Every structure is written in C-alpha cells, then in structure tokens.
Amino acid sequence: MVRNVVLIALLLVFPPFLPRAAATPNLSPGDLGRLQRGEIVFKPDLPQSEGSQTGNGGTAMALVDADVEAVWRILTDFAHYAGLFPRLKESEVVDQFGTRALVRFHVNVGPFHFRFNIAHVVSWGNRQIRWHLDRTQTNDLFQDTWGYWQLDPLPGSRVLVTYGMASRTVLPAFLTRGSEQDSVVQTIAALKARVERAGKALAN
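Residue numbering for the sequence shown follows my numbering, starting at 635 and increasing by one per position.
Hints were generated in silico from the structure; no laboratory data involved.
Bear in mind that the values here come from a model prediction, so they are computed numbers and not experimental data.
Accuracy of the hints is not assured; some may be wrong.
What the hints assert, rightly or not - What follows is a set of in silico ranges between Cβ atoms, one per label pair, in the way DEER data are often shown: (1) H740 to G664: 37 to 45 Å; (2) W758 to P789: 19 to 27 Å; (3) V743 to D701: 32 to 40 Å; (4) P720 to P678: 17 to 25 Å; (5) A832 to W758: 13 to 21 Å; (6) K723 to G664: 34 to 42 Å; (7) D679 to R769: 23 to 31 Å; (8) Q670 to H747: 36 to 44 Å; (9) G732 to G664: 39 to 47 Å; (10) F731 to D774: 22 to 30 Å.
What the hints assert, rightly or not - Below, simulated BS3-like cross-link-like pairs (lysine-lysine); rule was C-alpha separation at most 27 Å, straight line: (11) K834 to K723; (12) K677 to K826; (13) K723 to K826.
Note that beta-carbon positions come from the ideal geometry of N, C-alpha and C, so glycine has one too.
From just these sequences and the hints, can you work out the full model?
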C-alpha cells in the first residue's frame with residue numbers, strides 16, 4: 635500500500651514522467667489513471683482476517699479532494715453512518731472507550747429488518763479504522779463480517795481512501811456475492827459525496 639501511495643503522488647505531481655513499469659501488481663497503470671480521473675477502482679481482494687478465511691466483498695479505492703482530517707471526522711462519526719452504507723437506516727453507538735467503539739447497525743432489506751453489532755478499532759497514527767462483527771452480541775443476517783478504512787494523504791489536499799470489506803451471511807454465497815461487491819463501491823462513492831458536501835458547506 636505504501637508503494638502504491640508513492641506512485642499515485644508521483645502521478646499527481648509528475649504525470650508525464652511516471653513510467654508504466656513503476657505500477658505495482660495491486661494497482662495497474664490503468665488503475666492509476668482511473669484514480670487520477672476521479673473514478674473508483676474496485677478489486678476483488680478481501681481484507682485480511684484473523685478468523686474467517688472466506689467471504690464475499692472486495693476492496694475499493696478513490697481519491698478524495700479534501701484534507702485527511704475532514705475525511706477522518708466523517709469516518710469516526712459513528713452515530714451518523716446512515717447514508718454511507720447501502721440500506722443502513724440507523725447506527726447507534728452502544729459503547730465507546732479510547733480507540734474502541736461498538737456500533738449497532740439497523741439495516742432494511744426489502745420488508746425485512748436486521749440488526750448487527752460491529753466493533754471498531756480506531757488508529758489515527760495509522761489513519762486506519764479496522765472493524766469486525768462482535769460475536770458476543772446478538773446479530774442478525776451476518777455469520778461474520780470484517781474490514782477496514784485506510785486514509786493516505788497526498789499532496790494538494792487530496793486523500794487516497796481505501797475501503798475493504800468481507801462478509802458471510804446466512805444466505806447462500808451465490809445470492810449475495812454481486813450485491814456485496816456493489817456495496818463496496820457504493821459506500822466509497824457515498825463517502826466522497828458526503829465529504830464534498832461538507833467542504834462546500836464550509837466554503838459558503
């Protein structure tokens with residue numbers, strides 16, 4: 635990831651001089667170009683987990699025109715996550731102490747309502763939020779879910795945002811694979827939109 639960030643910084647500062655061979659396997663030259671054009675890059679790579687080894691999901695990356703602190707404020711505002719994640723109607727902070735926060739999510743899928751509890755670990759030093767399903771709580775729908783947010787500041791008040799998630803639900807995997815991959819892209823798009831709205835509101 636660190637090398638990817640350096641490459642993107644070079645692309646933004648010296649776009650004509652970045653050799654194609656410099657791209658890492660994780661981000662192709664085409665991916666770097668898409669990021670520079672403001673597009674979201676999706677990869678099927680699942681985030682690492684100490685427990686589950688299989689699941690549906692993926693990883694999405696995007697460049698956001700904002701200070702890293704502005705993006706961080708939105709991602710750590712756990713009580714107002716509704717609108718960031720597809721079908722999320724409410725997020726409730728159940729417990730918060732130091733770098734840890736337990737958040738209960740209320741999700742509607744058609745006529746059905748589900749609740750599940752996510753334990754977050756926040757690290758400003760690494761500009762990272764890692765999360766996983768809290769199995770000590772009562773949870774609907776998910777057998778397991780885990781993931782992370784990573785923020786990497788770049789020159790010119792821009793941030794490379796990476797969002798990775800994976801999950802296993804009580805439903806057959808072939809029924810949820812496409813929707814979970816779509817939700818990764820939709821979530822990072824919603825974050826970009828919220829950050830941009832917040833920036834415009836401060837400017838006015």
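Notebook entry, point to check: Would the pair K834 and K723 pass a check requiring their Cα atoms to be no farther apart than 27 Å?
Noted result: Between K834 and K723 the Cα gap is close to 25 Å, so the pair holds against 27 Å.
Next item on the list: Indicate whether the distance between the beta carbons of G732 and G664 respects the range 39 to 47 Å.
Entry: Since the Cβ atoms of G732 and G664 sit about 41 Å apart, the hinted range of 39 to 47 Å holds.
Check: Regarding P720 and P678, is the given constraint of 17 to 25 Å on their beta-carbon distance met?
Finding: 18 Å, holds
Next item on the list: Evaluate the given range 34 to 42 Å for the C-beta pair formed by K723 and G664.
Entry: This hint holds: roughly 37 Å between Cβ atoms.
Notebook entry, point to check: Can the suggested window of 19 to 27 Å be confirmed for the beta-carbon pair W758 and P789?
Noted result: Given a distance of about 20 Å, which is inside 19 to 27 Å, the answer is holds.
Note to self: Hinted pair, alpha-carbon criterion (27 Å max): K677, K826. Please report holds or violated.
What the structure shows: Holds, at roughly 18 Å.
Next item on the list: Could you check the hint for me, namely that F731 and D774 are 22 to 30 Å apart, CB to CB?
Entry: The hint (22 to 30 Å, Cβ to Cβ) holds, given that F731 and D774 are roughly 25 Å apart.
Next item on the list: Using the beta carbons of H740 and G664, state whether their distance is inside 37 to 45 Å or not.
Entry: 39 Å, holds
Check: Holds or violated: 32 to 40 Å for the Cβ distance of V743 and D701?
Finding: 35 Å, holds
Margin query: For the hint 23 to 31 Å, verify it against the beta carbon of D679 and that of R769.
Written below: 24 Å, holds
Next item on the list: Could you tell me whether the CB distance from A832 to W758 stays inside 13 to 21 Å?
Entry: 19 Å, holds
Checklist line | Agreement of K723 and K826 with the hint, judged by alpha carbon distance not exceeding 27 Å | finding: 19 Å, holds
Against the hints set out earlier in the document, no violation occurs for any number.
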